[in-house]
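Heads up: the protein sequence lines correspond to chains A and B, in order. Residue numbers 1 to 558, in full-length UniProt numbering, belong to the letters of the first sequence in order. Residue numbers 1 to 215, in full-length UniProt numbering, belong to the letters of the second sequence in order.
None of the hints are false.
Under 10 Å between C-beta atoms, here's a sample of chain A residues computed to sit facing chain B: (1) 169; (2) 179; (3) 181; (4) 187; (5) 223; (6) 258; (7) 259.
Rather than coming from a laboratory, the hints here were simulated on the basis of the structure. Idealized CB from N, CA, C, for every residue including glycine.
Next come the chains, spelled out residue by residue.
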Amino acid sequence: MAGSEAAAAQEAEMDPDFSGGGGGGPSFEFAFNSVNFSDRVLRIEVVAGDDDDDDDHAPGSSRDGGAGSLSDWARHRKRRREELLKEKESEAVMPDQINCKVEPEECDAYEENQEEPVAMMDDSPPSVGPDGDDGPSMDSPWSGGVSTPVLRVKNIYISSAILAAKSPFFFKLFSNGMKESDERQATLRITDSEENALMELLSFMYSGKLTSTDPTLLLDILMAADKFEVISCMRYCSQLLTSLTMTTESALLYLDLPCSISMAAAVQPLTDAAKEYLSNKYKDLTKFQDEVMNIPLAGIEAILSSNDLQVASEDAIYDFLIRWARAQYPKSEERREILSSRLLPLVRFSHMTCRKLRKVLICTDLDHEQATKCVTEALLYKADAPHRQRALAADVTTCQKFAERAYKYRPLKVVEFDRPYPQCIAYLDLKREECSRLFPSGRMYSQAFHLAGQGFFLSAHCNMEQQSTFYCFGLFLGMQEKGSMSVTVDYEFAARTRPSGEFVSKYKGNYTFTGGKAVGYRNLFAIPWSTFMADDSLFFLDGVLHLRAELTIKQPTV
Amino acid sequence: MTTRSQIQPLPFRRTRMDAALAASSCQAVTDAIRDIYAQDMEKLNFEQLYRRVYEVVLNKHGELMYSEVATALTAEVEGLRTSLVAVADGGGGGGAFLRELLSKWRRHTEAVAAVRDMVMYMERTFIVTYRKVSVQELGVKLWRDGVVCSGDVMPRLVEAVRRERAAAAEPGELMAGVAEMLTKLRDKVLSQVMDASSVDDYSSASLEKSVSEYQ
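Let the sequences and hints guide you as you build the complete structure.
Put into structure tokens, the structure is as follows:
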């Protein structure tokens, strides 16, 4: 229905005469390649396409046009090598498939050719000569002097009004005053790789239907529809492809469409679906690290754009990106270029630790000026007033840089004091959904914070109560492994509590820590898990659990 | 040491085009623009030209194609301005100059429409994506800035309009055509010309009436 509406709108724009009759709704399948309903012949010249061009021109191609074409060139060259490898690997299988597909078409073309010469000689001898003479010599898109050999010619009886109603290209082809407008035969020159798709497209223009469910062919048809401006078919292909079961391979195909196609409104739902598929599948980046390491650039961009990415911290994302770039772009110049233009914008520097930001500044893979800019921006964000931080994280134009992801190590807000004695207060906010996922025995760690030079972290648990009678919420304070000091800490856990929303102390204690130890309380709120998670729970304010841990060192360290 | 990729989409079958080939396709398109302005369009092959634009844009040379088209249009408009300036003032009113101006405006708008058809793939993709000025809009801008508002044309236009307004009791078809053209150029060109060529007994209400009558 959407397709029909689009077609109708298109007709209204192009020519009022078609708005009444066309509509796009009825099928004209009966008229496809039918001499009885035809007013013109479409001559389709199939020429050799990709392989020859690749082989002939790839080595000599120059890289111009700046950053975009350089990275694209690198990508194409790399893919070309892999394509050759793949062709070798599938050598045993491919020839059979090719033969099966090509043979029927050859027979068909042969039959048509047998019919056509007679008809054409009878009907339009004058137009054949000039076309035959002019075509090869005038049209040499791939080389200056040598004409591209025509592999075969197919003639299709067409109804120009039907094609014009569906496609602005055909509308202009038949009406804009150039040579084809007055001729009964119009010629389309296509590469052999476009042939199947073009036939399917022409059939769609008469019937409004596509029969294929093969993603590769549907993509070819989508490209043909884009080329000949059949927007209804672009939309239809996009819908079909979106409805097919998506795999990593198919999602990457959809994201690898040429820029001019992927930007089209009709195709956005498909590319959005592909991005969503990849970001969902690989959101546990650590678990799928080896697999993601082999994903090409478009996929990496989709995955690392996701807010739901589950990594320990933004530091881990940065480390992964550097590793990926080094593996995929061995040449340092190309690597620097791709990092600068496509990859660094994916990193949310403001959520990186200062320790890692220092490493960014000295990383030789990066452009120093850009690295400095990213780090400065991150530090300014960290130092900014909280309300401005929230505004930046929420604003659509800046959230890609500042919004928090689903980090495994939850970020904290920390206030530190040295006098009259070392003390720090750490605030940890957990969403209801995050708590819910802890059941029945999950843990969630905070990022590290420091007291008297020693690293600590908080750990939220769903665990069994001491007497093993029910599940409950536990909160623990842990000391990081590093360092051999022992330190005695007074600690207090508190949580905002309804109805006042004030922090209410839940547990106090003191403990002498040594490396790697943790202490806390298995049932912080003295209630079962189900009560804790209930809709009327006292501890979730607007769906968020607000925890506070206060650590004090009152005795000298030993 | 390149890690061999294990998840690689089937490379999209796409021909690659180097800068030299892109340039030769742009040359064919700009040659066609020259033929279009020379009113020699019947010999052009639409499919061939459309395909060249498609291939150039698809292979990421859209910037080159766009700038070459803009350059070619600019050159053609310059040619029209030169031949317009060469028009001798006939005896009496400025009618001859105005008629020639309108004739060249008509030729320009028809040519721009044909060029827009030829590059319509670029119009729908590259121009939209990169927010370039559309070919239609570019044509208007070139005519306004390169012809009507140029130092060679504007004074004669003002003088010719002044004479026409002084000579005729009622605005005629010629004046209506000029007003329509100036209206389409926007940027207050119409009011600029009318103010400069003002005669006391002429009213804007009468002008507006004549424009609506002839549209």
